[in-house]
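Undergrad: So the chains spell out like this:
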Amino acid sequence: MANQQINSGNPRVDLEYRRKKNAEEMRYQVVSFTLMIFLTLVAFAAVAIEGFTAWFTVPFIILLAFVQVVFQLFYFMHMSHKGHEAPSLFLFSGLGFGLVMVLAFMTIVWW
Amino acid sequence: MSTYAQKKGFGSVIWDYLTTVDHKKIAILYLIAGGFFFLVGGIEAVFIRIQLAVPNNDFVSAGAFNEIITMHGTTMIFLAAMPLLFAFMNAVMPLQIGARDVAFPFVNALGFWLFFFGGVFLNLSWFLGGAPDAGWTSYASLAIHSKGHGIDFYVLGLQISGIGTLIGGINFLVTIINMRAPGMTYMRMPLFTWATFVSSALILFAFPPLTVGLTLMMFDRMFGSNFFITENGGNTIIWEHLFWIFGHPEVYILVLPAFGIFSDVFSTFSRKRLFGYSSMVFATVLIGFLGFMVWAHHMFTTGLGPVANAIFSVATMAIGVPTGIKIFNWLLTMWGGSVKFTTPMYWAFAFIPSFVIGGVTGVMLASAAADYQYHDSYFVVAHFHYVIVGGVVFAVFAATHFYWPKIFGTMLNEKLGKITFWLFFIGFHMTFFVQHFLGLWGMPRRVFTFLPGQGFEMSNLISSIGAAFMSAGVIVLLINVIVTSVKNEKVGNDPWGDGRTLEWSIPSPPPFYNFKQLPLVRGLDPYWLEKMEGKKGMTPAEPLGDIHMPNASFIPFVIAFGLFVAAFGALYNGEKSWAVPVIIIGLLITFGSMLVRSLKDDHGFHIHKEELMDDNDKGVKA
Chain A
9 MANQQINSGN PRVDLEYRRK KNAEEMRYQV VSFTLMIFLT LVAFAAVAIE GFTAWFTVPF
69 IILLAFVQVV FQLFYFMHMS HKGHEAPSLF LFSGLGFGLV MVLAFMTIVW W
Chain B
338 MSTYAQKKGF GSVIWDYLTT VDHKKIAILY LIAGGFFFLV GGIEAVFIRI QLAVPNNDFV
398 SAGAFNEIIT MHGTTMIFLA AMPLLFAFMN AVMPLQIGAR DVAFPFVNAL GFWLFFFGGV
458 FLNLSWFLGG APDAGWTSYA SLAIHSKGHG IDFYVLGLQI SGIGTLIGGI NFLVTIINMR
518 APGMTYMRMP LFTWATFVSS ALILFAFPPL TVGLTLMMFD RMFGSNFFIT ENGGNTIIWE
578 HLFWIFGHPE VYILVLPAFG IFSDVFSTFS RKRLFGYSSM VFATVLIGFL GFMVWAHHMF
638 TTGLGPVANA IFSVATMAIG VPTGIKIFNW LLTMWGGSVK FTTPMYWAFA FIPSFVIGGV
698 TGVMLASAAA DYQYHDSYFV VAHFHYVIVG GVVFAVFAAT HFYWPKIFGT MLNEKLGKIT
758 FWLFFIGFHM TFFVQHFLGL WGMPRRVFTF LPGQGFEMSN LISSIGAAFM SAGVIVLLIN
818 VIVTSVKNEK VGNDPWGDGR TLEWSIPSPP PFYNFKQLPL VRGLDPYWLE KMEGKKGMTP
878 AEPLGDIHMP NASFIPFVIA FGLFVAAFGA LYNGEKSWAV PVIIIGLLIT FGSMLVRSLK
938 DDHGFHIHKE ELMDDNDKGV KA
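As given, the protein sequences belong to chains A and B, one line each in that order.
Read in order, the letters of the first sequence correspond to residues 9 to 119 in our numbering.
Read in order, the letters of the second sequence correspond to residues 338 to 959 in our numbering.
No lab work stands behind these hints: they were computed from the structure.
Mixed in with the good hints, there may be bad ones.
Claimed, not checked - Have a look at the derived ranges for each label pair, beta carbon to beta carbon: (1) L932(B) with F98(A): 26 to 34 Å; (2) G91(A) with F942(B): 27 to 35 Å; (3) L72(A) with E948(B): 34 to 42 Å; (4) L925(B) with E33(A): 54 to 62 Å; (5) G829(B) with E93(A): 35 to 43 Å; (6) L72(A) with L925(B): 56 to 64 Å; (7) L49(A) with E879(B): 51 to 59 Å; (8) G91(A) with R859(B): 19 to 27 Å; (9) E879(B) with L111(A): 33 to 41 Å; (10) G911(B) with L111(A): 35 to 43 Å; (11) S349(B) with Y36(A): 52 to 60 Å; (12) F60(A) with F721(B): 51 to 59 Å.
Note that the Cβ used here is the ideal one computed from N, Cα and C, for glycine as well.
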């Protein structure tokens with residue numbers, strides 16, 4: 009772009025700031041990735057271990073799946089960052105409309 | 338650029354339009370294609386009214402009548418109203434937000450060609466063994482048993498044109514979110530841009546259910562599945578839900594841009610800021626939101642049960658509130674304004690009472706208990722024609738006259754415009770007002786004829802005469818277009834003299850890069866603001882620099898053409914030996930050209946600063 013804004017005359021400042029930011033970001037990525045692997049193992053375990061009824065297993069792994077989706081969206085797809093307001097608005101309203109339809113189908117079509 | 342002055346051959350003009358990615362030229366393509374389908378749908382409407390003009394008429398057979406009503410509805414909604422509104426969105430929205438084009442010009446062209454080929458495919462059914470005949474809603478219980486290929490044409494044609502609409506909507510969303518000029522905050526966007534934004538969001542969420550429904554229908558009809566076939570454990574009601582989950586937002590997709598057009602027309606010709614701007618934005622968003630929660634009001638008599646009916650009934654009535662906010666805001670915009678009665682203002686003025694009648698009958702229909710009486714009668718026909726013709730078609734006429742100078746650089750004749758208005762306005766009320774009473778007297782909709790002595794003769798005859806008036810109005814508009822184009826008197830930036838928004842600050846038609854320098858927006862109605870401070874144009878927000886532009890491309894046409902070919906294969910699958918190879922060839926054309934697009938780098942080109950400065954010296958304004 010022809011008209012770029014420069015905040016500081018010293019390019020080092022920007023670089024150091026970005027390096028720090030990236031390191032922080034990397035830490036979040038690693039932590040959430042570890043957590044996701046762990047949650048997946050828990051989900052497998054919940055199914056594999058005998059003694060749990062389906063009434064426990066099914067809601068439990070759906071809950072874990074929901075947590076995974078949040079990790080995926082906010083840490084891996086950077087939705088926690090600034091400037092993602094519009095995508096998250098559309099994502100969540102789409103989710104909302106979709107769930108209303110599912111609810112309607114569950115209650116008035118397949119009852 | 339100097340290319341504008343060059344005289345171009347007919348072939349090169351055609352090639353230019355086949356390959357264009359410029360939003361203004363795509364708008365013209367949408368206008369021509371949508372206008373053509375509007376005439377086709379109009380001729381079908383005239384056939385319907387001729388058939389019903391007198392009792393026991395045999396102008397068309399019962400079967401042909403079913404095909405005509407189906408194609409009238411489908412054509413008018415999908416191939417006329419939507420593309421015509423897309424034409425104005427394409428032509429005006431990027432100018433209103435101060436952008437040089439939409440976010441994805443290539444995708445914009447692709448959207449048009451998909452719509453176009455889908456529409457052509459659907460209409461080819463007339464020549465290839467019969468059009469669809471299960472109504473525009475194509476309820477599965479009827480459509481599955483329809484003989485011939487009519488419904489297959491419906492399913493495949495709408496699928497293709499639906500993809501075009503969907504990617505068009507996404508394109509508008511991205512454009513409005515990302516490409517607003519410096520200072521153009523969300524709450525400074527003109528109402529037409531807001532309406533484009535909300536209705537694009539509705540397209541984004543409403544078209545996928547239609548795509549799913551059409552796909553299931555396609556599999557049921559062409560590949561032997563049983564989604565909607567009750568004998569084999571399917572559920573035919575699911576189609577109705579999927580169709581209306583799409584279909585109800587669809588009517589808001591149509592009417593919100595109409596509201597946007599009228600908002601801009603009202604404020605321009607009342608020469609006053611739109612009354613209650615923020616409440617207008619709020620109402621637009623709220624209507625969009627509520628539009629998703631009411632689809633089952635089309636299915637009150639399906640047997641959803643009293644609880645579901647009550648919920649959807651109340652939700653439907655709630656939509657009357659934001660719509661009422663809008664009506665009062667328009668009235669108060671005119672109140673105390675210095676109103677100028679131009680042709681667009683005639684349409685806007687007539688829109689208010691016409692649309693309110695449609696809204697009132699809408700609330701009547703929303704009452705589930707009463708709906709058992711109105712359902713499937715001419716009362717419903719009268720209601721939706723009042724909202725769609727009185728809202729959307731009036732808006733399309735208003736916008737045609739209002740934006741014609743911005744799109745083509747010439748003014749439509751005002752006198753002929755007003756003749757169009759009076760003919761159409763009188764014809765419209767004559768045709769549809771009596772239909773309320775026909776419905777209440779017991780005439781069912783979608784019947785191909787009626788018997789004498791039931792009290793329907795006089796009203797049906799009046800209705801048919803009204804249709805003749807409407808046709809005359811459209812013919813006068815066509816004459817107006819021809820006369821104006823032949824005269825070809827060019828006009829300046831702001832031919833109405835009262836332009837408020839950014840599109841009126843640049844030449845008509847705008848140069849292909851729209852804004853030489855992006856304008857600085859200092860408030861709502863930015864151009865009006867500058868004019869009131871005695872300035873001639875917008876203050877630039879950036880120094881003069883190189884402008885990056887996309888290259889023209891023939892690939893969108895080829896991608897859409899491939900799907901068109903594949904659709905013929907799918908249609909004759911299992912009947913003709915060439916069906917499967919044709920599907921494969923068609924998909925190869927589509928995916929092959931997508932591959933070419935992906936692998937070949939196309940960086941566009943730059944208009945250099947020097948070329949832009951050259952114009953400056955000749956006294957051409959940015």
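Undergrad: Quick one: which hint numbers does this structure break? Sort them smallest to largest.
TA: Of the numbered hints, 3, 4, 6, 9 do not hold.
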